[in-house]
Amino acid sequence: MNSSSGASAGSRAPLQGTRVVELGWAAAGPLVGTYLAMHGADVIHLESSTALDPFRSTYPPFKDNMPGPDRAAMFSFYNAGKRGVTLDLKQPAAVALALRLIAMADVVIESFPAGTLARRGLGLDVLRATRPELVILSSCNQGQTGPHAQHPGYGSQLTALAGFTQLLGDPERTPVILYGPYIDYIAVGYGVVAILAALDRRARTGEGCVIDLSQYEAGLQFMAPALLEYEANGTVPTRAGNRDRVAVPHGVYPTSEPDSWIALSVWDDAEWVRLREALGDPEWSRDADLAVADGRRGREPWIDERIAEWSRRQPRAGAVARLRSHGLRAAPVETVGELFDDPQLVHRRAWRTASHPVIGDVRLMAAPFLLSDADQGPDRPGPTLGRHTEEVFRGIVGLDADEYRALEAAGVFK
Amino acid sequence: MLGGLRVVEIPGNDIWGAAAVGHCGRILADLGADVVKAEPPAGDPVRSVPPFVGERADPDRGLLWIALNANKRGVVLEPADEVARARLLSDADVVLQPTLVVDPAAADPRLILVTLTPYGTSGPLARTPASDLEVTASSGSLWLAGEPGGAPVRTTLPQSPFWTGMYAAAGALLAVIARRSTGRGQHVDVSGQQSMVTVHPPAAVFADVAREEHMRLGPNLLGRSIVGARFRNIWPCADGHVSFAIQGGPIGRHTGRMLAAWMVERGMDAPRLRAVDWETFDNRTLSQADVDLLEAEVGAFLNTLTKREFFEGVIVRNMLGYPVADAADIYADEQLLARAFWQDVSIDGTTLSFPGGFALFDGERPGIRRPPPTLGEHTAAVLNEVRSVPAGTARTR
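These protein sequence lines map, in sequence, to chains A and B. The first sequence runs 1 to 414 under our numbering. The second sequence runs 1001 to 1397 under our numbering.
Keep in mind that the hints were calculated from the coordinates and are not lab data. Just to be clear, a hint being listed does not mean it is correct.
Computed Cβ-Cβ distance ranges for the label pairs, DEER-style [said to hold, decoys possible]:
1. Thr1351(B) / Pro171(A): 26 to 32 Å
2. Val1316(B) / Gly398(A): 46 to 52 Å
3. Gln1343(B) / Pro147(A): 30 to 36 Å
4. Asn1013(B) / Gly398(A): 54 to 60 Å
Nothing here was measured: the structure is a model prediction, and the numbers come from that model. Just so it is clear, CB atoms sit at the ideal spot from N, CA and C, and this is done for glycine as well.
Put together the whole structure using the sequences plus the hints.
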């Protein structure tokens, strides 16, 4: 254990003994299970080779750039710490087996478009009849009800529907994208919170819970102040580059290195004085108008240019160190590749390396919170296709060898 | 859901930390915890953040303050009143704090202490100050947004306090669950930087496995191609912008086929889109030149549609794509109205339609039970409650 984790000998994972069955693909459902697996839950990811997860089939990167379900790094990353089984749910025998597994579970996570599982004979009524104390999370684009419930969607575009894209970029230009399916990860976090709250209630009352999580509505939680601004004042908030309502200056500045930037913000007039000191008290900064925030706000583009004249002469690390040594808020704009060696993230064990049987060594992402008295993963990559099918259906569900082989021959485990 | 869980929030004196703590508390409060914010006499610093209801600066009218602090009670603790502070903390299951105000080593062993800081409470940046901009810069997510060649850009509505607060709520609940079997509380050390690292996993996977560094490309998507092509995802339309991309997989191919048909319906010429065999279309192997030719037709068509026409069109055709919505569009969205997402809340004499709870639990959406507290609104009531609990009484939860 690294010194940053205070977990003591004899700690255990909070969800040890909790079994989760997960049906879903891509990011928004499966990553919920990954966070539970990181904290000790036995998460069984149920999929089928007859309808592959796009993260196995469509989305790069693949090992050596050659597509293949077990060569897909995205699947491995998003399903770390789980066991994987295959079942062809178009077959009634497979549905019966899925229900036998679910009858032994505490949590079911599903993230197909509303109604998909019901058509397979795994609707909520069936699941609850099988095991009333189940905690069931249904996570989909727009929620289980309403006129758009059936609409398929990807997180990268739902991010636009929920208003985030409108708030990103130069006000005079086309907005830019928030990288990836940004809103999916908001829904993932809220999905984890919802399941944990329901498990806590179940421990106190014995009651199960059905959770209907609309990824859209979850995302709008992070938009609440902008929504309320429109509601209260009739103002439609829009993107403002790197400007801030309070801090001034507040920007991203170039350094002496190619495509290399620093972030810097000044939150009050005392910090402005410290910025002047850090920059060597240049002539332009002594203007009395700039001593107060309102004065600086009126000339913000001009101030930004002056700061950039200074920053362009500094290497990134030197600029940040100097600004921080004056107690200012400043940081390098790190590339994603740099994050693996970022000393602070290394200290917190934000990345874990694990060996994938096909892809080789891969990095997995830990939770952004450290628990002082609990074990935390992840410690293994996502499963290869069908890796644990026999182990789970014989070891947990209790099929004997002959039953298993007969079902396998009938194509149930595809 | 969390009935009986007692949470105390310490906002501190920094906007970023107070916002992250506030969002975590708001989530727990929505789920039914009894959340008490313990403010200094000057108030939570988030109270001073603009904009304000009616553009009137007032500690109870800030919209960030309002968004983060519904469903809580508030007390004011005088710095000198150690007794009141100790009483309040001794009655809590969970304490949320933006710095190590309460030392984990000295805390009651049953207490769950959650500390939300920009970088974490230990390590080389443990005491380094940061706001949303620097936290985002340190996480790789700032790097990934903006125009190529221009400066990286952040979301105008600060996002990192929301992310950090959300993960803190997850960590707090894991500690609540663990305490049931161990009898012990623990310290939950939440990092803003690390929270923002979680918002772009594909870029990390590309960097790790393909040794490929993704970067900002304006409105274009990376990560769909094995030959390095980019696909445009944000397009000008008649009255704003829409989000649409040429995609693969069954739904992506359906989307392309429907778009080509839609263009023909509207009398637009689309020779290249019509020539695509959507049964076998594979976006992963398209060259950039092929993508550019297809996108020229897509762009010309999308430019003729309003956001609303586009939205209605993708819904009826079951296509992928959405408008780039603003706050006005979101309040008008029929899906949110049908799911009773909004809830009227009276704030300082103004009724606001508030975004509702983040999920439905057994068909019910957690509601706004009370508006945010005015400064010190519940000081007497809360301190009387905690004083009435004899010292050393076992917690019932």
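We went through each hint and held it up to the structure:
no., hint, in the structure
1, Thr1351(B) / Pro171(A): 26 to 32 Å, "30 Å, holds"
2, Val1316(B) / Gly398(A): 46 to 52 Å, "48 Å, holds"
3, Gln1343(B) / Pro147(A): 30 to 36 Å, "20 Å, violated"
4, Asn1013(B) / Gly398(A): 54 to 60 Å, "59 Å, holds"
Comparing the model with each earlier hint shows a violation of hint 3 alone; every other hint is respected.
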